[in-house]
Amino acid sequence: MSELQLKDLYDGFRNPDVIKALAKAITDEAKNLKKPLNIMEVCGGHTHTIMKYGLKQLLPQNIDFIHGPGCPVCIMPKERIDHAIALAQMEDTILLTLGDMIRVPGSKSSLAVERANGCDIRALYSPLDAIQIALDNPDKKVVFFAIGFETTTPMTAALLEQVEKQGIANLYFHINHVLVPPAVDAIMADGQAKINAFIGPAHVSVISGAKIYQPLPEKYGAPVVVSGFEPIDVLQSILMIVRQKNEERCEMEIQYSRSVTLEGNIKAQVMIAKFMEPREHFRWRGIGDMPDSALVLREQYTAYDAEKIFADILPTEPIDDHKLCICGTILKGLAKPNDCQVFGTACTPNTPMGSCMVSSEGACNAYYRYGEI
Amino acid sequence: MCLSIPSKVVEIDDNNMATVDTMGIKRHVSLDLIADEINIGDYILIHVGFAMNKIDEEEALQSLEVYREMLEAMEEEERRQVIESDDQCDNRTQV
Ligand code: SF4
Ligand code: SF4
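Sequences listed follow chains X and E, in order. Residue numbers for the first sequence follow this note's numbering, beginning at 1 and rising by one. Residue numbers for the second sequence follow this note's numbering, beginning at 1001 and rising by one.
Here are the simulated DSBU-like cross-link-like pairs (lysine-lysine), alpha carbons at most 30 Å apart as the crow flies:
(1) X:K211 with X:K56
(2) X:K267 with E:K1026
(3) X:K35 with X:K24
(4) E:K1008 with X:K211
(5) E:K1008 with X:K165
(6) E:K1008 with X:K267
(7) X:K52 with E:K1026
(8) X:K52 with E:K1008
(9) X:K24 with X:K194
(10) X:K274 with X:K308
(11) X:K165 with X:K140
(12) X:K323 with X:K336
(13) X:K35 with X:K211
(14) E:K1026 with X:K165
The set of hints was computed from the structure by calculation and includes no laboratory data.
Please take these sequences and the hints and turn them into a complete structure.
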């Protein structure tokens, strides 16, 4: 087993010299671009990297970023958060979820407020922790409010497998797993966003395989490069995109080859398919209702499905965002956070009006933290 | 953010749970989603308590070196927090 060898190793993903050299290479190549290039970074993780390292400032004027819908917290519509709240308010219930979800405002309240009011609401580090909580509380109903893109879905499936294997009867699932490709399709089909290339989410692809992006270049004439999250990963991906444009190619390429393959993690895909199937439709915050854009538990697992078992207490009305909040327009690639009237004034990370400010991967949050680009 | 620091497997138990070492911090993760055989010494990428895939050793060492420089400057507690939130992405446990 070789140990770390400092001097022999590659310079690192944040090395300023490498960043400068890449920025220069992009600037040189970009001189030959026939049209300005608007690149959508689909995933919030990339928005964060671009803002944190000021990558936009390093690039020539004819390259701009359009922030995409790739954050599971940002795209959760208020009625789903109201579901979580209604479930948490049931008697003898423990509601479990992951992370930032707790602070996102629903129509009247948030999970954080309900927790302060005495509901038993817990944020998990790993979905697997739900098992111990269910075993420790046999008299309670434990509900897992599952969120996330393709990245997190297999973890929920692995939890279901354990629940089934161990015969745990008091753990229920409220599934909010959504899928990247339908959202990208909807944004492109809408035709308003001026997008000529995509940076594809890396970790989604670790699971699903880069193959899920293969149709995009042909369909929309926009190259896709699946990129890692380091500044050097992102810059290298941009260079790959600019080169494709100049060479009049339009392809799906993988920059993040240290983790992503074309096929992805097949075992995870099989496990997801065992428990879940495409949902007829799911309403995304800001983008609206899209067919097959999310997953639902298969019929034979209804006994675990909180949405079916507790259906009578779950509100069904779709609820729109606060009138001033333009998260929807931002998620569709038509506006930037500083176009929002209340950005940084009425809406800040401490007083968020919309989920794009709550989520640590949200575009508004990134702009607030790292300043304008 | 999901930088995904590569973690090295140091122990595997009967429940398919591995103990991994991420830059000196020990964690327990499930191997349920991995089809490849995982051995002690392998590097894996982790997301919310699960190994997502096995990473090529050379690539793993390269990224580790970068993280090592960043994290070395931090105090133990701070480092633990950074590492634990690293593979969380959308799912940070901070409230
Ligand atoms: S989990 Fe990470 S990789 Fe996946 S969409 Fe969120 S930020 Fe991007
Ligand atoms: S700044 Fe706040 S209110 Fe405006 S779009 Fe972003 S989250 Fe919504």
